[in-house]
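Trainee: Construct the entire structure; sequences and hints are all you get.
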Amino acid sequence: MRIPCPFCGSRDSQEFSFLGQAGLKRPDPNAPDAQKQFHDYVHIRDNKAGVTKELWLHANGCRSWITVTRNTLTHEITGSEFASPLTKEAAQ
Amino acid sequence: MRYSVFSIVEQAFKGQKDWKPVWRYPEPKAEYDMLIIGGGGHGLATAYYLAKNHGYTNIAVIDKNYLGSGSVGRNTTIVRSNYQEPGNIPFYEHSLKLWEGLEQDFNYNAMMSQRGVLNLYHSDSQRDDYARRGNAMMMHGVRADLLNREQVHEIVPFMDFDNARFPIHGGLMQWRGGTARHDAVAWGFARGADSRGVDILQNTEAKQIRVENGKVTGVETSRGFIKAKKVGIVAAGNTTRIAETAGLRLPIESYVLQAFVSEAIKPLIPCVVTFGAGHFYISQSDKGGLVFGASLDYYTSYAARGNLPGVEDTIEEAMAIMPSISRVKLLRHWGGIMDMSMDGSPIIDKTGIDGLYINCGWCYGGFKATPASGYCLAHLMATDESHPVATALKLNRFETGYVIDEAGTGAQPNLH
Amino acid sequence: MSQSHRLAKGGLIDRSKPLSFTFDGKTYKGYAGDTLASALLANDVQLVARSFKYHRPRGILTAGSEEPNALVGLRAGARHEPNVRATVAELYDGLIAQSQNRWPSLAFDLGAVNSLLSPFFAAGFYYKTFMWPASFWEKVYEPLIRRAAGLGKPPVGDDPDIYEKAFAHCDLLVIGAGSAGLAAALAAARSGARVILADEGPMLGGRLLSDKRIIGNQSGLDWVKATEAELVSLPNVRIMPRTTIFGVYDHGVYGALERVNDHVATPPAHEPRQRAYRIYAKRAVLAAGAIERPHVFGNNDRPGVMLGSAMRTYINRYAVVPTKRVAIFTSSDEGYATAHDLIAAGASVQAIIDTRADATISAAHDIPHFKGAKILRTLGNKQVQSVEIELADGSTRILDCDGVAMSNGWNPAVHLTCHQGGRPVWDDKINAFLPGNLPAGLSVAGAAQGHFGLKDTLADGFRLGASAVDDLGFKAPAIAMPDTDPESLAHTPLWRVKTSKGKCFVDFQHDVTDTDIELANREGFRSVEHMKRYTTLGMATDQGKTSNISGLAILGEASGRSMAEVGTTIFRPPYTPVALGALAGHHVHKGFRPTRLTPSHQWAEEQGAVFMETGLWLRAQYFPKTKNESWLDAMIREVEITRSKVGVCDVSTLGKIDLQGKDVGTFLDRVYTGTFSTLPVGKVRYGLMMREDGFVQDDGTTARLSENRWLMTTTTAGAGKVMAHLEFCHQVLWPELDIAFTSVTEQWAQYSIAGPHARDVLKKLVDARHDISNEAFPYMACGAITICNGIPARLFRISFSGELAYEIGVPNRYGDALIRAIMKAGEEFGITPYGLEALSTMRIEKGHVAGGELNGQTTPRDLGLIKMVSQKKDCIGKHMSERPAMLYPDRPIFVGLKPKNPKSKLTGGAHFLDKGAKPSLENDLGHMMSVAYSPMLKSWIGLGIVKRGRERIGDTIRAVDFVRGTEFEVEICDPVFFDPQGERLRG
Amino acid sequence: MADLSLSPRSALAPFLHAGHHGAEGKIGVTLREVTACALVELTTFKGQKAALAQAIEKAFGVALPAANKSASKDGVTFVSVGPGKWLVTGEGAAEHDLIARLEEAASSLAAIVDQSDARAIVEISGHKARVALAKGVMIDLDPVAFKAGDAATSFAVQFWITLWQTNDTPTYRLAVFRSMGRDLLHWLESSAAEYGYEIDVSSHSISE
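Chains as they are written, first to last, in the numbering used here: chain A, 235 to 326; chain B, 9 to 424; chain C, 257 to 1243; chain D, 177 to 384.
Derived pair list, reagent style DSS-like, types lysine-lysine, alpha-carbon separation capped at 27 Å:
| no. | chain 1 | residue 1 | chain 2 | residue 2 |
| --- | --- | --- | --- | --- |
| 1 | C | Lys468 | C | Lys580 |
| 2 | C | Lys282 | C | Lys265 |
| 3 | B | Lys105 | B | Lys358 |
| 4 | C | Lys395 | B | Lys295 |
| 5 | B | Lys402 | C | Lys1203 |
| 6 | C | Lys638 | C | Lys409 |
| 7 | A | Lys270 | B | Lys402 |
| 8 | A | Lys259 | C | Lys918 |
| 9 | D | Lys234 | C | Lys918 |
| 10 | C | Lys282 | B | Lys274 |
| 11 | C | Lys309 | B | Lys274 |
| 12 | A | Lys282 | B | Lys215 |
| 13 | B | Lys105 | C | Lys395 |
| 14 | C | Lys757 | B | Lys22 |
| 15 | B | Lys28 | C | Lys754 |
| 16 | B | Lys105 | B | Lys295 |
| 17 | C | Lys731 | D | Lys323 |
| 18 | C | Lys409 | B | Lys295 |
| 19 | C | Lys1174 | C | Lys1159 |
| 20 | A | Lys287 | C | Lys977 |
| 21 | C | Lys580 | C | Lys282 |
| 22 | A | Lys270 | C | Lys1129 |
| 23 | B | Lys402 | B | Lys105 |
| 24 | D | Lys323 | A | Lys322 |
| 25 | B | Lys22 | C | Lys754 |
| 26 | A | Lys287 | D | Lys222 |
| 27 | C | Lys265 | C | Lys481 |
| 28 | B | Lys358 | A | Lys270 |
| 29 | C | Lys918 | A | Lys322 |
| 30 | C | Lys1156 | C | Lys1174 |
| 31 | C | Lys1156 | C | Lys1203 |
| 32 | D | Lys225 | C | Lys918 |
| 33 | D | Lys323 | C | Lys538 |
| 34 | D | Lys222 | C | Lys918 |
| 35 | C | Lys1129 | A | Lys259 |
| 36 | D | Lys323 | D | Lys304 |
| 37 | B | Lys28 | C | Lys759 |
| 38 | C | Lys309 | B | Lys28 |
Since the hints were made in silico from the structure, they are not lab data.
Mentor: Pasting the structure below:
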């Protein structure tokens, strides 16, 4: 597998580590149902068969956390971007 | 027909002409009492025990492919009950006990071979971890033996005891563990279920679980709607895809796990061996192939195939404990989809939707659980009560905190 | 009868290089350019192997990597390799080969008795028996089966050869260097694109090496040579002979195995035996050719029966006539080409038996020619002596011959197209499966695409080679299509001879017959996967390359389905078997994983230290004073000296992270359970870190070096994970924070100096201008200092041992020198180095948690560290650590454990039971996490978790270690065994 | 005090065996430990990228290199290692004042962390350097893809590496964690052995 790193370019997947679903928002710790929200945040996943957005760390590379758009049925990758706007800005 | 030495001899003289089909190819009925989605080992076992233990015969098992087409036919065939967590121990031990009588029970030789499962340890702290596990097993009356380096050497003298990066210090042995012939398990359960009247509907894909007023009414399939009073989701790696048609969101991610077999060689490895400084496990099949695997390919996937880094990593681990197999050749490697739960342990529970039951989260340990998984889901579906050995395998345990995390790696499925 | 079957001239062998080799101990001659198979055939060795199940005599069926029969053991001793295909083993001088799976000898194999029992051994018979009594499986049945199965013997001892991994990149990878592959490579290469051309054989040319053909105005061979010469001359082309592309992986990654030195007796010094490549290709052309199909008829497995194409290969490439009186069994016009080449080589063609009644081609010369005829069976013993044929009119006759050449059409080598889930598609026009949906970037040329004629293979190659690189922005110049000599490829396959007599083998190696497939179908194993698994068809070392399609056809016939309806099983990697050693490369033995060495490693080695693995690090476990001093005695000595005088320990392996920026304090408050934003400059604080699921993931200290600069330490094992976690928290959760992380683990060599004389030792090192008195530099102080005349250093007054202790860090280049200097400075105070055993003992005496307790299953509350969790703020893991189960009063909690008898050797992993309680999961109170012999208490002590342990301080329970056979009464106590007030560390 | 002076040691000093090794009669590869080289990791503070670039340009006369590039002037080389991150090497006169110059130029704009002792750096050159490196380096080092002035952080064999090419000989530099230096060296030696290689220690020195 090759992962397109927005900073380094296309690299062997062995340089990366995988975390999981992207776009999960850490709940407001002060919300009245915070514990329930945290449960969902920590445990419940879309686990989509098809195009997903997921978080990878270019661990053996530039150390950027990136959001990769990948199809879990075919492994086809159609996009990747920095997870952090700050990293993106620093990469300009 | 019953299998026996006599039937073999008889058929040898009849040119094998009178063997009967092991299962039927029935047309779906309009309605069943129970419908099982997933004709893998667990689904077939569920139907078998529903029929055998609970007297249900108006049951169907549906599978989108041929029966046994999932992980039951592509795993590394290891059977064991060497677990550490109290939520797991009784369940897996129940399973192993079922294995021990399974072949006679369903009259099919699944080649259950209790040749031992040996977990190697490579440090003092790992030895203590294994002692902790062994003692937990013994608390439940499950025999475990902590072996020192010399005792391990006696069993697997061909392994690297002298020049290894992570030297072998000893191992934890469960002699009652071993292997079984994976396909035969599916076939044995299928044959046993079919002969008790269960309809096994192959090439019948579940499209949509139909729920009305919080109660399940049946399943839309590629062969039309099938009404059912109770539906069990036993879809392993595809659990999420099925469950989401009923609006369920689960603590499950699907990952690909690779498995490997070498060319056949004469007997070398007497038992199942696992490598403690990695994630590697190996045994030798009766045909002579070395059957092995290691970690997941660490990304989520529904494609039943893996990639080269996983292949190389696995084989490096193989060579790490037994460099003498370097000239033995890899014959085939393949992948399967694993339903990884957030704590690495399974779920057998109701769902909050009346009449809908779920059996998932088998990670890469589903094969050994096959009989008990079916046994306990059958019990649950028949009685609406968890079987006593499966009370910890709750769907809501992530919310309550009663997680069963053997590895201690937390809610990160690819680390289990 | 040396080389009795060798032709006097011709072939691509080098007669000036005669080679000697042995098979089953007997010496033979061959030539450079031979394979083991061609050399055996040259010497008229027909019987080379025994089959898997029935131990039937087997010869050589093919001339390529698809060979199911002729497997041998190659080389001897530690270089022995089982299951080598004689058909691809290149001959070298001194080659040693043995036949396999036979006893006592190949010619007389007692295992052949299985053949007589074959009526009982129908497909899947073992599923129906061997069940009684249950215990007999492991003891009786299975050992018998296992001994009988298994083909070759495993190698013994360490492989003396080395293996390598390598990586290669190209625009276009061409797989197979036959006519199509060469054409594709040439077309692409002329554009300037980077091309890799790989072929499993030692020579380029494919079938052009085996069939005498014309391309343009030259012979096929000359065309190959000219093409190869041009490719070699181009700097953008890399030719990789002896290289099998074994797998297709995601995104243009191809697995390849280069057999660098399998064609010589032993690899030259410093060279590997084999090299496994990961090839990254933007595009690929698969030109893997096709595999000829055998016929399924009675005793079709007898030595002497061979594929027609293989027979032509032996004649034309190796100058060997495999058998001299040949019956041609054909369903294709190609059988006539085989007859032609046999006659040209001086062999006798006894007859052409063409299954097609309507064949239009005529036989040359005066060869007996039977249309609409079949071979019912071969006769003979260890080689064909005759065949029984059935003519179109139904009559039968016996025909003398010593060999049979089969031609039943070709199966495109579609295997690699299936590695990404592609399913081959049946094509009625060519009677074969063609590639289905292809892996991205891969196209298929020539015979692999079902385009069998030479003209088509060349045209495909030129076209697809050019279009692949045009796709990438190159411009491939047009190549004029050369003329080729005419050929006739008409065929109508006959999947089996139904009226056969005797066993009709479909899968030769696994002894699967047509009746086995029928039986599977009869028993309901109708899915092609069920049939395969029930009969084991296609599961042998050849993975069904010569058998799968016939098997599918027979299943289709038996179940009344078309080939398209039956479908195929899935081809998986590797295309041909790959040595495990090659896939591990040099990551074997000590090279399996890196070994990280500490700054004091060399010094510790000189002291005779015993080392232990800590993750990838090697750390000193203890420093034995004499050779015979045990770990326990050494540990006791090291602890006693440290606690009474002073000791030093290398703690450089702890993770160190430099954090800078104005928001570090805020950030630390969120990732640590405690509050850090209030930490004054020049101070250190202990920190506990949870995962978001509420379990502890790591602990350590963080020092505030200046207003905006902090230094965090992590556990040795947790360093990498914590770094990734912090980067996640920053980049994904809170990108608004202004922080910069840098791992500085390896910049600093760090030593802990502990004991009552720690300050005295330190004073001798620290430059005089720094005041390190207790007042000026109290417990939990930190600062930048200089030592030994101006060497920059960092000093932290922190203690894991519970003693007055400092950690001193210097730039790593001084690490070796500093340990020596510390030892020297400490000499007058009686300093000792201490290892991990002593370190562990001292922290257990102090009740500090470490690896055994930070096992990912414990919360701060479990570890008695709830007071470390600030109740005033949120942090990672806070909410999940307060789930009901975590607050459940019965949850085991951290305590100390003291045996009633101090000599009772406690053990890690023991579980706790109340006195009189029976072992059961319900009665299990918890387990022992860490143990040590405490030199201070003169007793074994332990740390563990016990249900309601804090409420039960003073109670006596049992520590039961079933697996070690010990059981001791222990008293539950406070986990801090030594100096509970912490007076020593503040001294 | 005098007897407690500390003499420095390079990362690979104990493991370097000077001279010719491997296949006889040829030298395809030359290996050298890079010593006398200051190393600094520079990480931009939030929103300071442009200001940092300006400051570096002013102080060092080089534009901060973009991704996968390095830039050198007067013994100072900036190697891009991540978004807003550079590994800076200083040799010759620059070895001793590198960190001071960086701090003077940019202490409010970036985290400046001395890493002079945190890495083992090996220089590999020669006509077989590329093929020897291909036995572990996963990125494409062919001249069409990677030239002098190019840089990468990547994974090789079992190491997280920073790699940059310094000339067209070709010569490459590989930096790994110091504790893994021995294994890096062993891998390079075994990869180069079939081509013959030389360990060059002629310029080996380490500063206090």
